[in-house]
Every structure is written in C-alpha cells, then in structure tokens.
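Visitor: Chain by chain, the residues run as shown.
4 protein chains.
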Amino acid sequence: MGSLVSEINELKSEIRAFADARDWAIFHTPKNLSMAVAGEAGELVSEFQWLTAEESKKENLDAEKLNDIKMEIADVALYLFRLSDVLDVDLAEVMREKMKINEERF
Amino acid sequence: MGSLVSEINELKSEIRAFADARDWAIFHTPKNLSMAVAGEAGELVSEFQWLTAEESKKENLDAEKLNDIKMEIADVALYLFRLSDVLDVDLAEVMREKMKINEERF
Amino acid sequence: MGSLVSEINELKSEIRAFADARDWAIFHTPKNLSMAVAGEAGELVSEFQWLTAEESKKENLDAEKLNDIKMEIADVALYLFRLSDVLDVDLAEVMREKMKINEERF
Amino acid sequence: MGSLVSEINELKSEIRAFADARDWAIFHTPKNLSMAVAGEAGELVSEFQWLTAEESKKENLDAEKLNDIKMEIADVALYLFRLSDVLDVDLAEVMREKMKINEERF
Chain A
1 MGSLVSEINE LKSEIRAFAD ARDWAIFHTP KNLSMAVAGE AGELVSEFQW
51 LTAEESKKEN LDAEKLNDIK MEIADVALYL FRLSDVLDVD LAEVMREKMK
101 INEERF
Chain B
1 MGSLVSEINE LKSEIRAFAD ARDWAIFHTP KNLSMAVAGE AGELVSEFQW
51 LTAEESKKEN LDAEKLNDIK MEIADVALYL FRLSDVLDVD LAEVMREKMK
101 INEERF
Chain C
1 MGSLVSEINE LKSEIRAFAD ARDWAIFHTP KNLSMAVAGE AGELVSEFQW
51 LTAEESKKEN LDAEKLNDIK MEIADVALYL FRLSDVLDVD LAEVMREKMK
101 INEERF
Chain D
1 MGSLVSEINE LKSEIRAFAD ARDWAIFHTP KNLSMAVAGE AGELVSEFQW
51 LTAEESKKEN LDAEKLNDIK MEIADVALYL FRLSDVLDVD LAEVMREKMK
101 INEERF
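Protein chains in written order, with full-length UniProt numbering: chain A, 1 to 106; chain B, 1 to 106; chain C, 1 to 106; chain D, 1 to 106.
No wet-lab data here; the hints were simulated from the structure.
A portion of the hints provided could be inaccurate.
The list makes no distinction among identical chains, and a pair is therefore deemed to hold if it is satisfied within one copy or across any two copies.
Claimed, not checked - No farther apart than 27 Å at their CA atoms in a straight line, the calculated lysine-lysine pairs in the DSS-like style are these:
{"id": "1", "residue 1": "Lys100", "residue 2": "Lys12"}
{"id": "2", "residue 1": "Lys98", "residue 2": "Lys12"}
{"id": "3", "residue 1": "Lys12", "residue 2": "Lys57"}
{"id": "4", "residue 1": "Lys98", "residue 2": "Lys65"}
{"id": "5", "residue 1": "Lys65", "residue 2": "Lys100"}
These numbers were taken from a predicted model, which means no experiment stands behind them.
All chains, full assembly: derive it from the sequences and hints.
Guide: Given below as structure tokens:
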C-alpha cells in the first residue's frame, strides 16, 4: 500500500497521543495493560452471560444492548492496540502468523 | 483513502474465510466468541502474572517469551475481530467513539 | 468432623436458595456460570490494574479500596461455588486433588 | 462451631504451606494473584466456549471433559483462596455480606 499509513498504526498513534496527554505512560507497562485487556474482556463476556446463543445474535439484540456490547468491544480493542504499541508488535502480522499456525493445526 | 479496502476489514475477511472453510460459523455465535475473547485474554494475562512491571517491558523480555506474548495477543485479536465481524461492528469507528467518550471523562 | 455440615456445603446451599427464590436456575447452566466467573474475575483484576505490587498489599490499601476488592472476591466465589454446586463438584476435594498434582509438577 | 477449625481456613493453610515450601510468597502479591485468578477463570470459560447450554450440563458431559472442568474450577479456587489468605479476607463472611447486598438489589 505504498506510503499509506496503515489503519491499525493510525489507531495506535491516536491511542498513544490520548495516553500521553494524560501522563499515563508510567501506568501502561505491558503487565498492567494485559490486566486491562483481561478486565475489559470480563466486562464483554458479562454482557452475554445470561443471553442464549440465539439472543446473542445481532438481529435479536436491541439497540441499547448492542451499543453496550460495542463499547465493551472498543474497550478491549483500545487496550489490546495499546499493548501492541508499547511492545512494538505488528498486530496484522502476528494475526496472520497465528492463522498460518492454526491452519496446520486444524 | 478512497476505494482502498481497510486493513481491519481485510483481516476480518481473512478470519471469516478461515472459519467458513472449517464450517465453524455455527459455533461462532456472539456469545461463544465473547467467551473465546475472555479465554484468550486469560492466557495473555497469565503470561505476565509472575513478572514484575520492569520485567514485562519489551527490552527485558527474551525472544521466546516475547513470541509467546505475541501469539496470545494475536489470539485475542483474532476472536475480537471475528466477534466484530459477526456483529457487523466497525472496529475503528467504535474505538474512536469510545476515545471521544473517555476524553470527556478523563 | 462427624455429622457436621461442611462450611462449603452450607455456603452452596445458601447460594442455591438465593438463586431458587429468584427463579434463576434456568439461567444457571454451567456454561453461563463459567462466564459469570470470568466476568467477575475481570472485575477483580481491574481493581489491581493500576496499582504497583507494593500498593496492592493489604497494609497499603485504604479501607474503601480493600472493601471494593473484598466484594469482587465475594462475587467470584459466589459464582464459583454455584458452578460447583450445579456440577456436583466437591470443591475441597478437587482443590486437594489439584494440589497433589501440582506437588509432582513443581 | 466452637473451637473447630473452619474448612475454608484449613484449605487456606494447606495452600499457604504449599506456596511457602516453594518460596513463592514473594510472587504472591495481591496484584499477581488477581492475575492468576483471571488467568485460570479464562481457562475455565474456554472449557465451555464451544458447548451449547445443554451440552454443558453435568449429565451431558463425558468423564474426561468433566474432569478437565473440575481441574479448572480447582485452579480458580486455589488462587482465590490464596488471595483471600494474603489479604486476610474471611471468604465465608464476605460471601454472605455480598448475598445480603444482592438481596436488596434483586
């Protein structure tokens, strides 16, 4: 894609700027960020815990519930992108690498 | 970025193709995918649980440990992107929306 | 301990009575309860995510924070005991069994 | 129950002895133990992620799967009891306190 900045890298930069503006870098060790990912993933799974599989499908979620879920997905993503940024991990690359490994397993 | 396909959408398509080739769509309800995200986030946080904050930093991780962490980050990302795909959630959009909400809070 | 009812079994009974009084049994499948455990564990880890190891120690936690942590520990325990109850798992027994397995590993 | 040692306290003592024999106390900060609880809760939820609600019920689990689940329940419990021990939290007491709070909410 030539000189284009990647979408994921753009998002990482925006998250970094957000954290830096609040002097949060000191809190954002990889250890702490892994906890934040797990904490937000806990909130995400909570959204679904009393729904049946059917009720959890997009067409059966009301607008408010879907919005709550979107916000939890966003929270997990924000901390996961941030963790990737502080560890200098190329997210798209590792995702494709893991899919290749999974291809051989399944 | 004109008519370019977004990087995140490309990854979603690749993950979808991977799942479809294995007839996994039936398992990939939003409820089950939220559990998979939480499960992988648990494995990610496990990688860091006995490290100090200092030891968790990129410059202090050895190559093998860093690779293990990358693979766990990839696993969380793969299920999170897949969940976004089945719920038709625009990941970049909700991340920016959530950052805007956070801007007002912090 | 003769005919004494075990403390863990007493707690399981109290949690079961609480759930039954609210007609929650239908929601309390093992699958859903495992999600509830993970969700509450996410809230527990969130309490600690920005604390240093030192700050997380009992003597350094203020009363309010310690109380928040206690309530999250209770939430994880309530769902874990409930899951053990619906699966008819003897919690003390499996804990001791797992410690024996760990003794050989470590 | 007079001078009887409580079952939960006995288990805490056994876990403490296990950790002390391996010089693990230094790793067992409340922060790290909260991560271990979340990590094990992730493994527990993983056991159930591709099962339907029906398949997750005791009568539908085969012996091997049920045993895997028991071992994951034990792992969460071991770290949760250990965390309660290092924070000097009376687990039965906080569980009953939380049930009382929930009684007013639901």
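Visitor: Against this structure, judge whether each hint is valid.
Guide: Evaluated hints:
no.	hint	in the structure
1	Lys100 <-> Lys12	both (24 Å within a copy, 15 Å between copies)
2	Lys98 <-> Lys12	both (21 Å within a copy, 14 Å between copies)
3	Lys12 <-> Lys57	between (30 Å within a copy, 18 Å between copies)
4	Lys98 <-> Lys65	between (31 Å within a copy, 16 Å between copies)
5	Lys65 <-> Lys100	between (35 Å within a copy, 20 Å between copies)
The structure meets every hint from the earlier list without exception.
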